[in-house]
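Construct all of the structure, not just a fragment, from the sequences and the given hints.
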Amino acid sequence: MSQELDTLYQEIILDHYKNPLNKGLRDPFEAEVHHVNPTCGDEVTLRVHIAGGVVEDVSYDSVGCSISQASASVMTDLVIGKPVDEAMQIHATFQELMQGRGNVEPDEDVLEDGIAFAGVAKFPARVKCALLSWMAWKDATAQIVASSADNKETTNG
Amino acid sequence: MDGLLPELEVIRKDFPILERQLAGGMPLVYLDSANTSQKPQVVIDTMVDHLEHHNANVARAMHQLGAESSEAFENARDKVAAFINAPSRDEVIFTKNASEALNLVANTLAWARGPLEIGEGDEVVITEMEHHSNIVPWQLLTERKGATLRWFGLTDDGQLDLSNIDSLITEKTKVVSLTWVSNMLGTINPIEKIARRAHEVGAIVVVDASQAVPQMAVDVVESGADLLAFTGHKVVGPTGIGVLWGKREVLDQLPPFLGGGEMIETVAMERSTYAGIPHKFEAGTPPIVEAVGLGAAVDYLGHVGMDAIRAHEHAITAYALDGLATVPGLTVLGPLDAALRGGAISFEIDGVHPHDVAQVLDSRGVAVRAGHHCAKPAHKRFGVQASTRASSYLYTTPAEIDALVEGLEYTRSYFKLG
Chain A
118 MSQELDTLYQ
128 EIILDHYKNP
138 LNKGLRDPFE
148 AEVHHVNPTC
158 GDEVTLRVHI
168 AGGVVEDVSY
178 DSVGCSISQA
188 SASVMTDLVI
198 GKPVDEAMQI
208 HATFQELMQG
218 RGNVEPDEDV
228 LEDGIAFAGV
238 AKFPARVKCA
248 LLSWMAWKDA
258 TAQIVASSAD
268 NKETTNG
Chain B
73 MDGLLPELEV
83 IRKDFPILER
93 QLAGGMPLVY
103 LDSANTSQKP
113 QVVIDTMVDH
123 LEHHNANVAR
133 AMHQLGAESS
143 EAFENARDKV
153 AAFINAPSRD
163 EVIFTKNASE
173 ALNLVANTLA
183 WARGPLEIGE
193 GDEVVITEME
203 HHSNIVPWQL
213 LTERKGATLR
223 WFGLTDDGQL
233 DLSNIDSLIT
243 EKTKVVSLTW
253 VSNMLGTINP
263 IEKIARRAHE
273 VGAIVVVDAS
283 QAVPQMAVDV
293 VESGADLLAF
303 TGHKVVGPTG
313 IGVLWGKREV
323 LDQLPPFLGG
333 GEMIETVAME
343 RSTYAGIPHK
353 FEAGTPPIVE
363 AVGLGAAVDY
373 LGHVGMDAIR
383 AHEHAITAYA
393 LDGLATVPGL
403 TVLGPLDAAL
413 RGGAISFEID
423 GVHPHDVAQV
433 LDSRGVAVRA
443 GHHCAKPAHK
453 RFGVQASTRA
463 SSYLYTTPAE
473 IDALVEGLEY
483 TRSYFKLG
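Quick mapping for you: the protein sequence lines, in order, are chains A and B. For the record, in the first sequence the residue sitting at position 36 is 153 according to this note's numbering, with numbers rising by one throughout. For the record, in the second sequence the residue sitting at position 161 is 233 according to this note's numbering, with numbers rising by one throughout.
Wrong hints could be hidden among the right ones.
[Unchecked claim] Think about it this way: if two alpha-carbon atoms lie no more than 25 Å apart in a straight line, the pair counts; the simulated DMTMM-like pairs of lysine to aspartate or glutamate are:
hint	chain 1	residue 1	chain 2	residue 2
1	B	168	B	371
2	B	448	A	149
3	A	140	B	422
4	B	452	A	149
5	B	488	A	132
6	B	448	B	434
7	B	151	B	272
8	B	319	B	342
9	B	448	A	128
10	A	135	B	434
11	B	488	A	149
12	B	488	A	230
13	A	245	B	422
14	A	140	A	160
15	B	168	B	117
16	A	245	B	434
17	B	452	A	178
18	B	448	A	178
19	B	265	B	194
20	A	239	A	267
21	A	135	B	422
22	A	239	B	104
23	A	239	B	74
24	B	244	B	189
25	B	319	B	272
[Unchecked claim] Residues on chain B that point at chain A, a partial pick, calculated with CB under 10 Å:
hint	residue
26	211
27	271
28	273
29	427
30	428
31	431
32	454
33	457
34	487
35	488
[Unchecked claim] Pairwise CB distance ranges, derived in the manner of DEER restraints:
hint	chain 1	residue 1	chain 2	residue 2	range
36	A	263	B	193	39 to 49 Å
37	B	264	A	178	38 to 48 Å
38	B	96	A	263	26 to 36 Å
39	B	94	A	128	40 to 50 Å
40	A	140	B	108	30 to 40 Å
Note that these hints are calculated values from the structure, not bench results. Quick reminder that beta carbons are idealized off the backbone N, C-alpha and C, glycines included.
Next up, the structure:
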């Protein structure tokens, strides 16, 4: 009983939950998004700052369960300082892990603390909790990339 | 313990699912009955028997099975009418659930002409403790018609704030729609008092009785409601069947909802005329076996006795409130006096999110609900985003409440809170 719970609530997850990294909303940012999990009401407001093709900062304010809070903390730690393309790859790897129903072997080199969420994939009801902030980050980043592409077109045209 | 159903163990045997063991051999402790109730064997058997021996479409098949099926379906209407003391069986309309019943009312009011017509300057009054299904349809109606939506606020102990009732319900008010028993706070509202005020100003009263009909003897006439909705699956019946009861004079003034088979009197290419109630509001093949199951369900509850069920719920709820009060850092949302509330108890625990509470409880076989329970505004009123909700029913035992309280102690220790 407790063993099954422990696969979900890894120490790493509980640590990030109690001491979240990069929490709080900061300037500068090029996009801010607000994502909600309509079934449970978990919410995240998230800002992304990109400069020179690198994710310079991700800041957020959120309310939700331990899984969603820890996931936001781990996500920001993984993507800040990475080139946008590489960060998008990490996102894809994490999403694949979460949607793998527990059958995907996590890649620690890519996901670092994120491998602690491997157990979440076995709890279908909690996968959305783990993905909430990742989806928000992808949305905000995609907005920035799209608008900078628009600007280029305008400048070129 | 006073008030418990005397034959509780016999009643529990009527519900086969209560024998279930969950992962790790944990016995099921089902405390999510406000979400959906479990089903007694007699409901399951009645539905299987209907499908095995009497299945046919209703009201349009001329053969023997058609007659049997129609009779079973219409018998279910009689049983429901008797159960809620409806003056006429024709006032009982089968819908697919309570949400559809409430949407039926809000939509047909949007199309109504004459005394029930709603337009600019008119007002609809609801409350801050409604389920989303009794908020959104009224938002849609008032937006479409240029009318104004207003609502009763809540007191700190989770009751309706009636201090401004006379300025809230005025000559401008066309509809007052409210829940009888809150699905989140558990509060039992003074429907009759509010209905009296609404009728003084000529408004109609719509009551969401989804949580009331399962828990207490409901007399639609005494309630003061003009229209009243509830759902089958919370009264030990199946999903897919709900009920709208309405006073004949109100239902007759409302235009049809869905158009199609069964709801017509005659159809020509240019125009149609419509059937009388209840069929006017029952287009298409209805949920037949679900209605039959609901008939068996209300028979079952009637046999146990709604007053006895209410006394049982009261005793269990009081016991649960006492138990929850022993858990450090736990705050109950809603009235703390079991006499003022139904069997759904929502609570917060400092330092643990409701999802995590529910997850840990689930690992011990204790099934509760976590989230906003489709009552986001009520949560916001109490400054919380989500809560954990334990809800009992006629089969709930004091030992199951003990399992809940022990599970909550374990949850606190699991998350290292003292």
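Hint check:
1. B:168 with B:371: With a Cα-Cα distance of about 20 Å, the restraint between residue 168 of chain B and residue 371 of chain B holds, given a limit of 25 Å.
2. B:448 with A:149: Within the cut-off at roughly 24 Å; holds.
3. A:140 with B:422: holds (20 Å)
4. B:452 with A:149: holds (23 Å)
5. B:488 with A:132: Holds. Residue 488 of chain B to residue 132 of chain A sits at ~11 Å (cutoff 25 Å).
6. B:448 with B:434: holds (23 Å)
7. B:151 with B:272: Between residue 151 of chain B and residue 272 of chain B the Cα gap is close to 32 Å, so the pair fails against 25 Å, i.e. violated.
8. B:319 with B:342: Roughly 31 Å separates the two Cα atoms, so the pair is violated.
9. B:448 with A:128: violated (32 Å)
10. A:135 with B:434: holds (22 Å)
11. B:488 with A:149: Violated, at about 34 Å.
12. B:488 with A:230: Measuring from Cα to Cα gives roughly 21 Å; hence the hint holds.
13. A:245 with B:422: holds (23 Å)
14. A:140 with A:160: The hint holds at about 14 Å.
15. B:168 with B:117: Given that 25 Å is the threshold and the Cα spacing comes to 21 Å, the pair holds.
16. A:245 with B:434: This hinted pair holds, its Cα atoms lying about 18 Å apart.
17. B:452 with A:178: The given pair, whose Cα atoms are some 17 Å apart, holds under the 25 Å limit.
18. B:448 with A:178: holds (19 Å)
19. B:265 with B:194: Holds. Residue 265 of chain B to residue 194 of chain B sits at ~22 Å (cutoff 25 Å).
20. A:239 with A:267: violated (41 Å)
21. A:135 with B:422: holds (13 Å)
22. A:239 with B:104: Distance of about 23 Å is within 25 Å: holds.
23. A:239 with B:74: Distance ~43 Å between residue 239 of chain A and residue 74 of chain B Cα, so the pair is violated.
24. B:244 with B:189: Cα-Cα ~12 Å, so holds.
25. B:319 with B:272: holds (17 Å)
26. 211: violated (16 Å)
27. 271: With a closest approach of 36 Å, the residue 271 of chain B hint is violated.
28. 273: violated (36 Å)
29. 427: The hint holds - residue 427 of chain B has a Cβ within 10 Å of chain A, the shortest such distance being about 4 Å.
30. 428: With a closest approach of 5 Å, the residue 428 of chain B hint holds.
31. 431: holds (7 Å)
32. 454: violated (13 Å)
33. 457: holds (5 Å)
34. 487: This hint holds: residue 487 of chain B lies near chain A, its Cβ roughly 7 Å from the closest one there, short of 10 Å.
35. 488: holds (8 Å)
36. A:263 with B:193: 39 to 49 Å: At 45 Å between Cβs, range holds.
37. B:264 with A:178: 38 to 48 Å: 45 Å Cβ-Cβ, so the 38 to 48 Å window holds.
38. B:96 with A:263: 26 to 36 Å: violated (48 Å)
39. B:94 with A:128: 40 to 50 Å: violated (26 Å)
40. A:140 with B:108: 30 to 40 Å: Distance hint for residue 140 of chain A, residue 108 of chain B holds at roughly 37 Å.
Checked against the numbered hints above, the structure breaks hints 7, 8, 9, 11, 20, 23, 26, 27, 28, 32, 38, 39 and satisfies the rest.
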